[in-house]
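Student: For reference, the chains in residue letters:
Number of protein chains: 2
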Amino acid sequence: MNRQVLGIDIGGTNTALGIVNARGEILATGNISTRGHRDFETFSRALLAETRRICAEAGLDMPSAIGVGAPSGNIQNGMIERTANLEWPTPLPAAKILSEVFGLPVAVSNDANAAAIGEMTYGAARGLTDFIMITLGTGVGSGVVCDGRLITGREGLAGELGHIIIRRNGRPCGCGRRGCLETYTSATGVVTTIRQMLADNPDEPSSLRSIPDDQLTSLAAYEAAMAGDSLARRVFDFTGTVLGEALADFASFTSPKAFVLFGGLARSGELLLAPLRKAFEENALFFHTGGKVDILLSQLPSAHAALLGASAIAWQA
Amino acid sequence: MNRQVLGIDIGGTNTALGIVNARGEILATGNISTRGHRDFETFSRALLAETRRICAEAGLDMPSAIGVGAPSGNIQNGMIERTANLEWPTPLPAAKILSEVFGLPVAVSNDANAAAIGEMTYGAARGLTDFIMITLGTGVGSGVVCDGRLITGREGLAGELGHIIIRRNGRPCGCGRRGCLETYTSATGVVTTIRQMLADNPDEPSSLRSIPDDQLTSLAAYEAAMAGDSLARRVFDFTGTVLGEALADFASFTSPKAFVLFGGLARSGELLLAPLRKAFEENALFFHTGGKVDILLSQLPSAHAALLGASAIAWQA
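Chains as they are written, first to last, in the working numbering: chain A, 5 to 321; chain B, 5 to 321.
Because the hints were derived from the structure by calculation, they are not lab data.
Any given hint could turn out to be false.
Which copy? The list can't say, so a pair holds if one copy fits it or any two copies do.
[As the list claims (entries may be wrong)] In silico DMTMM-like cross-links for lysine to aspartate or glutamate, where the CA-CA straight-line distance does not exceed 25 angstroms:
no., residue 1, residue 2
1, K282, E61
2, K261, D151
3, K261, D217
4, K296, E159
5, K100, D151
6, K282, E227
7, K261, D298
8, K261, E91
9, K296, E61
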């Protein structure tokens, strides 16, 4: 096969596509609206037309395989299992339909698993056979790689580490339970922590008090913390500590060589990493302490991370 | 190769060996003392002599491969990594030395991983590609199988699920930390629970009060509970609940089709399983509830389970 694949990142509104080579270089990009297509087959034909257009424009051959990142994409069976954000009925046989329209092999995955394979193929996890990808976004996702292979499990449902219970009877989670990791370490979880710290320390000055409640974000806390705001710093201390405790348990499960963190919160750097590493060392089994497990940041450029992740699974198609 | 392998179960005092066929039938057994050999090579020669003796006696050909179960045996590199119970210096290249002495391929594993492969080869996990073995003994061990392969991880240290922290700042553990699963759900953990319940309920009658403190065991609690002792029943309710909460989190990690429980406590049957299943259903992510994950009991005969586990990894050697 030629050494170029097509990555497709299906979002709720927009679908990005890109031709990517084996070094992770994006040779051409395009995009179409995700909405307004009669069905997934029509949508697939629009993607084919856009792919032909960008290949022609850049003087490229058509790609030899396709990787798709989509909400609740199942890498085992190529289905989009369920989703609130797409217009089509689910479960949707996305890989099958795309493969028929393009005449190419297609692999489908959720965003976190695509990110894991993206890091292994082009990013921070190159050369690693055992690592865990943690995506810190609106929720917390993960991809677990053991012996060079992504763990998929029964029905492709493995790696839901955002829903490990880290505080029994803790914060309520969208999944209906309490105390899930993502209620503490997602961007939304950080906002909950900000609100709680502001309420618990009514007399402590903080620049975060001048921000309207509905405009509080983890980025605002980051900026305040970097400017020396003590309460905002404690928000990151708490978040990093909870995440470090969780990663310590995860290490006893699959004994990874590294964790790779991705997403807005991961860009907080040492503000998050310093308390995280401390909590990891204090809470991990002695097999894993003393710096034996690396805590790495994603090396996929954030603007194209989802596209690169999607393209990476094409190499496995 | 012929269809018989040698299983060797190295214990602190005694080493059992057996010739096993692909159906898990033990065709001949023998044993030698683990102690009193000058070094591991001398011990290996004594094992070879015993193997020749039992094969001759039973009219069998010599086996075609060897599987060894040993404390802290590392399936990745064939070493016995460290141990308080054996006389030899560690790390010990057990697979290498045995292979030289016998002239056969040798695989080495710890007991829990051997049990996992034993269940997959001959027992409750036949035909399952995704399951987690939990051994409930003096400690709590585990073996994690994904897509038909045992997860080994960095340095072969994967699957230490007895050291997942299930109660933060909980009971002190031999590993130096607090709240590890094995401080609650091992045989020793159950004895701690008995003592605690007796102390917390000084006015409640219980047949367990007539047993001297240093003779309390999980078996005594089992017998009392089966005879209707209410406090003893609550010991199993508590133990099963803690284990169910832990398995619920484990399900979000690798999405197994089943858990297989092994060891003395697993023989408590519904006393343990009823509260365990209830806690699992109440605590697992909705992907895994409604009976989608089976909680199974080991099907390896308890007298020969370690030997069968050891022999099972020989098929992979």
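Student: Run every hint past the structure and note whether it holds.
Tutor: Verification of the supplied hints:
In this assembly of identical chains, K282 and E61 lie within 25 angstroms of each other by CA distance neither inside one copy nor across copies; the values are 51 angstroms within and 60 angstroms between. Within a single copy, K261 and D151 get their C-alpha atoms as close as 11 angstroms, and across copies as close as 21 angstroms, so both meet the 25 angstroms cut-off. In the homo-oligomer, the alpha carbons of K261 and D217 never lie at most 25 angstroms apart, since the shortest distance is 40 angstroms inside one protomer and 44 angstroms across protomers. Only between protomers do K296 and E159 lie at most 25 angstroms apart by alpha-carbon distance; the minimum there is 10 angstroms, versus 32 angstroms within a single protomer.
Taking identical chains as interchangeable, the C-alpha atoms of K100 and D151 lie at most 25 angstroms apart only when they sit on different chains, with a minimum of 23 angstroms there against 28 angstroms within one chain. Proximity of K282 and E227 under a CA criterion of 25 angstroms is satisfied intra-copy only: 22 angstroms inside one chain copy versus 45 angstroms between copies. Only within a single protomer do K261 and D298 lie at most 25 angstroms apart by alpha-carbon distance; the minimum there is 6 angstroms, versus 31 angstroms between protomers. Neither within a single protomer nor between protomers do K261 and E91 lie at most 25 angstroms apart by alpha-carbon distance, with minima of 40 angstroms and 31 angstroms respectively.
In this homomeric assembly, K296 and E61 never come within 25 angstroms of each other (Cα to Cα): the closest approach is 48 angstroms inside a single copy and 50 angstroms across copies.
In summary, the numbered hints that this structure violates are 1, 3, 8 and 9.
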